[in-house]
Amino acid sequence: MFRTTNIVLAGLGGQGVLKASDIIAELAFRAGLDVKKSEIHGMSQRGGSVTSDVRFGERVFSPMVPEGEADYLVVLAKEEVAGNLGMLAPAGVLIEPDKVDLSQLTSRKSLNIALLGVLSRFLEFSEDVWREVILAHFPERLHAANLQAFELGRRA
Amino acid sequence: MPEVPKRRWFLSGDEAVALACCHAGVHLGAGYPGTPSTEILEAFDAWGGQAQWSPNEKVALEVGIGAAFAGARAVVTMKHVGLNVAADPLFTVAYTGVTGALLIVSADDPGMASSQNEQDNRRYAVAAGLPMLEPSDSQESYDYTLRAIEVSERWGIPVLLRMTTRVCHSKTVVNTPSYPPPPLRDPAFVRDIPSRVMIPAYARSAHRRLRTKLAEIAAWNERQGPNLLIEGAGSLGIITSGIAYQHVREAAPQAAVLKLGMTYPAPVGQMQSFAASVDRCVVVEEGDPFLVEIARTAGIPVEGKPEMYRFGELTVQRVRRIVNRDESPEPPPPPGKPPSLCPGCPHRIVFSALRDLDCIVSGDIGCYSLGVLPPFQAMDALVCMGASIGAGLGMRHVLPPAQARRVVSVIGDSTFVHSGLTGLVEMVYNPPTHGHVVLILDNGTTAMTGMQEHPGTGRRLDHQKTGKFVFEDFARMLGIPQVHVVDPALDPDGFRELLQRCLDSGELCVIIARRNCLLAAASIREYERCENVSND
Numbered sequence: 006m007f008r009t010t011n012i013v014l015a016g017l018g019g020q021g022v023l024k025a026s027d028i029i030a031e032l033a034f035r036a037g038l039d040v041k042k043s044e045i046h047g048m049s050q051r052g053g054s055v056t057s058d059v060r061f062g063e064r065v066f067s068p069m070v071p072e073g074e075a076d077y078l079v080v081l082a083k084e085e086v087a088g089n090l091g092m093l094a095p096a097g098v099l100i101e102p103d104k105v106d107l108s109q110l111t112s113r114k115s116l117n118i119a120l121l122g123v124l125s126r127f128l129e130f131s132e133d134v135w136r137e138v139i140l141a142h143f144p145e146r147l148h149a150a151n152l153q154a155f156e157l158g159r160r161a
Numbered sequence: 013m014p015e016v017p018k019r020r021w022f023l024s025g026d027e028a029v030a031l032a033c034c035h036a037g038v039h040l041g042a043g044y045p046g047t048p049s050t051e052i053l054e055a056f057d058a059w060g061g062q063a064q065w066s067p068n069e070k071v072a073l074e075v076g077i078g079a080a081f082a083g084a085r086a087v088v089t090m091k092h093v094g095l096n097v098a099a100d101p102l103f104t105v106a107y108t109g110v111t112g113a114l115l116i117v118s119a120d121d122p123g124m125a126s127s128q129n130e131q132d133n134r135r136y137a138v139a140a141g142l143p144m145l146e147p148s149d150s151q152e153s154y155d156y157t158l159r160a161i162e163v164s165e166r167w168g169i170p171v172l173l174r175m176t177t178r179v180c181h182s183k184t185v186v187n188t189p190s191y192p193p194p195p196l197r198d199p200a201f202v203r204d205i206p207s208r209v210m211i212p213a214y215a216r217s218a219h220r221r222l223r224t225k226l227a228e229i230a231a232w233n234e235r236q237g238p239n240l241l242i243e244g245a246g247s248l249g250i251i252t253s254g255i256a257y258q259h260v261r262e263a264a265p266q267a268a269v270l271k272l273g274m275t276y277p278a279p280v281g282q283m284q285s286f287a288a289s290v291d292r293c294v295v296v297e298e299g300d301p302f303l304v305e306i307a308r309t310a311g312i313p314v315e316g317k318p319e320m321y322r323f324g325e326l327t328v329q330r331v332r333r334i335v336n337r338d339e340s341p342e343p344p345p346p347p348g349k350p351p352s353l354c355p356g357c358p359h360r361i362v363f364s365a366l367r368d369l370d371c372i373v374s375g376d377i378g379c380y381s382l383g384v385l386p387p388f389q390a391m392d393a394l395v396c397m398g399a400s401i402g403a404g405l406g407m408r409h410v411l412p413p414a415q416a417r418r419v420v421s422v423i424g425d426s427t428f429v430h431s432g433l434t435g436l437v438e439m440v441y442n443p444p445t446h447g448h449v450v451l452i453l454d455n456g457t458t459a460m461t462g463m464q465e466h467p468g469t470g471r472r473l474d475h476q477k478t479g480k481f482v483f484e485d486f487a488r489m490l491g492i493p494q495v496h497v498v499d500p501a502l503d504p505d506g507f508r509e510l511l512q513r514c515l516d517s518g519e520l521c522v523i524i525a526r527r528n529c530l531l532a533a534a535s536i537r538e539y540e541r542c543e544n545v546s547n548d
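Residue numbers (our numbering), protein chains in the order written: chain A, 6 to 161; chain B, 13 to 548.
The reader is advised that the hints may include incorrect statements.
[What the hints assert, rightly or not] Heads up, simulated DSSO-like pairs for lysine-lysine below, C-alpha to C-alpha not over 27 Å straight-line:
#1 A:K104 - B:K349
#2 A:K24 - A:K114
#3 A:K83 - A:K24
#4 A:K83 - B:K349
#5 B:K349 - A:K24
These aren't lab readings, by the way, just hints derived from the structure by calculation. Predicted model only: the values in this text are computed from it and were never measured.
Same shape as in the complex, but just chain B (with noise of 0.2 Å):
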């Protein structure tokens, strides 16, 4: 384990658990990239740690239980929604237990500057059972990392750090040391049947274990969390956690805080004699009613936010109107300019093809989901990652033939072997009538969450080559009938004429439009360059 340096650092909240991960040895970290959480990784990696993109948030919290399984220690980021593609191991894992320390980040995203939904995801730990803590700035990014390694390993639980946009993007000062990193073992294989194997038989025993496992962290975490009382200097009490905690102490600096760090299992003591020591108790949480609802749930009487504040970010302003409660008209934001595709961007060729051929297009999530937006405004649906096959397939089955006729599936590289794989699988299986048309869209890099690899482009996490899924194989292993790899940009026109051959076709076709992302082609030719030098 390294020597922690004396040092005050200027860190995004995303670095501070990075750096935590190696000053506490973590052997290994796995992920999917996803704003806001996906600088942890690529931190942890220019920092030395071993870390690498999996196909998808499943995998990588697979990865990572087997990596705590073996007692390492073991760290699986992914962005909220991203937890959802991994909630099937997420909630059995929680029964197993793991042997090294298991910490799981979900980056969560309130106010969607760049997800599909602001789902609040404090819902997990309470869902699947497994204890949460909740920085509200990078120092406590740093220290709960540390924490939650700590607490791991103590109780052989996965954690959930729950992180929100602001925390993981902004820059706060990190000083080190400051909570000190748990002593380091080595991984070894000791053999333990009834923990690991989830058969009903021994699963039931583990649900038992894990309740017993809550309750004690419970009662740690009444005694000896991660909670901070700060005293007021009137009658007003606000109950918080997160990066409401940094707005409460702006917007009400009189106030008596209890700044929760762990909110699963909450600290329901402190809270009840809290609210006894005020005349008002307020929570002020961003999201969902999660705290509030702790609180009422144990007779606690607190004050919770009005409903208008649960949608997007909250703010020092916002949080002056909760406590005022304020519930009059906000202000709209100021407009600003839109993004949009990148001018000479490849998939503007793609999207203005589908808008001439009136396709109905059943988009996927990427850098594409712009190709709704005008000039094109050539996408119908968009759910999640990979739903444009399974959902456009579905539109096949059940529409008209001259509507069904129409619909394409849309879908970018690494979005198609993070989920779009079984789509494919299924559209052989369950063919509809009149054929489909897939078009994977394949730049060659993770161009949303800024030019991340993965298995398609044949190179790790940290750019170095390694094996590599070829899109075409793939779709012509499973037998479909035409698979067309062109790059768009050589001849637009011959890229519209074979979409409409292929609708026309009434056959299961894939097309492979391959061009590398503008923005990533200079970078994705050095790597290329790097990796020719290095076979010569």
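Extracted from the complex, chain A is given alone in its bound form (with noise of 0.2 Å):
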């Protein structure tokens, strides 16, 4: 039995953190896995600070990551590193914003894409689908800005 992936996204209200999630987990459920995604709806959408865990693996319980046992620390806002780094496991990997250059994104709002990209490249799931699967979380005109923040992400 393969163990279970951990992964807890971090960002404020409106920078797109429950849209990665949505597309990380939906990745694993069309790999067939038991996948469980966990957030906090709410008081979130005023600005505050969000995370999102996704969970996925043979069998998965607790839909939260326990601290100190995410594999992957993904976060969008700088100043949301330092509340969440606790969340990381010691061999851990943290995806922040510096990972990507900035300045060669078409649109700010897709640094989400962007950093999943950098994430992918950890992942076993086929580069083809996680393309599939970003498209069908947004609307055609915003199909080219996120294809090139992932793969900014992806070659960073």
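Take the two lone chains and join them into the complex the hints point to.
Structure below.
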């Protein structure tokens, strides 16, 4: 039985944290894995801190990643890094905005997808499926900007 | 009834309840928006169900009761505090019972992600005498919805589906078909006066009938209820329910587990033999010591969680600590940025004025509750939906005149329709000596819960046009001497001056500050455009 992969995404309301976690969860779901995704709605819509957990593997129990057990911590806002570092496992990977060259982004709003590009290099989902799932989460007029962001992160 | 497809889904607990309602052919869904329950009716509507927002949870439950009296399947959804509002019909519909099915979803919020308290609504099942199911993930949310409908129809009794934030809002895999939807009957009225008319003479026997039903359901739950026994590899046994079960399986993988799906009436016999089969039996449950008390009342020796874990949500780490009897202080949660009123939110102008005029603000539930935080700090009390008006009046009645004249009640549009109407009637009936000022913040939507419609928007849950509640007409109809309708964003200084004039007047005043929520404005324009097109 292979172990559960734990991913924590963090940022501020409006940055697309939940969209990013939806995309990862969908990839795991399409791969036929057991997957759980957890988040808190409500007050987070008003610009406050937002986090979302995604866990996948053969069998997942709690929908929340335990402290200190995240394999990947993806943080969209620099100021949210410190508060969430405790989630990361000792050998875990921190992915933060400075992993990509922000000046190269067509739209600053696509930062979430750029950081998914960085994350994608560590996960065993094929690049084609990543692209397919990302496109499925956006209207057509935003496809080019988000594909560009994904490439930017993937090649960073 | 639709054919249940063979399919693998990835759904939130809320969506899973809605899907089960669709598959069971539920005739009517009613509720009032409230985190974390809101998405149930939205998803039910999106999948073709008849779903509607009521002015408040009490009305929603009454609509559900009527439908279930008429032989239909009805689902009524609300957050935990909503069940307080609906408690009056709840206790008596337990007596009357139902002809069809009545499923009442209570979505509790342990940890208060978006609520004013963390009450444990499992207590309502005992207090009212209603069977209760507690799902732990989306698959169970789906299955238990169908089971609840079955139990409701078999015993003619309303059933409580008690969910919590992490079950409602976590997405997990759901496979269909799983539990089979019970066969559906068409609604039809059959007269049954002694069962449904709760005058004392009929209510006395109705109470006895309720207790008989509960005894039968307890026996059924003991034999065939949705309870799960997992063998362990050691001396530890854990009794648990709901989301805590998921944490337990991860925190204590070797433990024997008795996972209860129907926690009222609880399968006390199963709990008894489980506890006897292990050396140490711990009850791991979120919130109140509910199962612990049931076990101890029955003389079952169990260990509960230390009091410190009664507060907030459970997690895998906290369950590890409970199992290890670790009562050392927990690390404080990371600070994080608090939410705030959106930049450009029209409420900002209102709260700036309330702050600048040093008002004593009796506040209410909604986005505008954030007016309590810096830079405004312009809220002095907040209790429950609608309390701003009554509490403001109470302060006005007893404070010395200089302070009484500064009291303002602030309430949102959806909250006003929910339970501000009677407060306004109270103001007219028992007016304070120095008058009062009620500010209705009408931003054209139920913003807090994610832009739901309400009677004051004149659009239904599905955003189609319907009858409209008009705030100013209602206030004028009550004979309130000053009723002002203004857009504070057009003239912030003018708004502050108006508020000052109202406070100085010593009269009863209602100011309706009307401007659409920034986040909803584009959608509202689109709905209005569609209405105009269809009118042409």
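Quick rundown of the hints versus the structure:
{"no.": "1", "hint": "A:K104 - B:K349", "verdict": "holds, 23 Å"}
{"no.": "2", "hint": "A:K24 - A:K114", "verdict": "holds, 12 Å"}
{"no.": "3", "hint": "A:K83 - A:K24", "verdict": "holds, 19 Å"}
{"no.": "4", "hint": "A:K83 - B:K349", "verdict": "holds, 12 Å"}
{"no.": "5", "hint": "B:K349 - A:K24", "verdict": "holds, 20 Å"}
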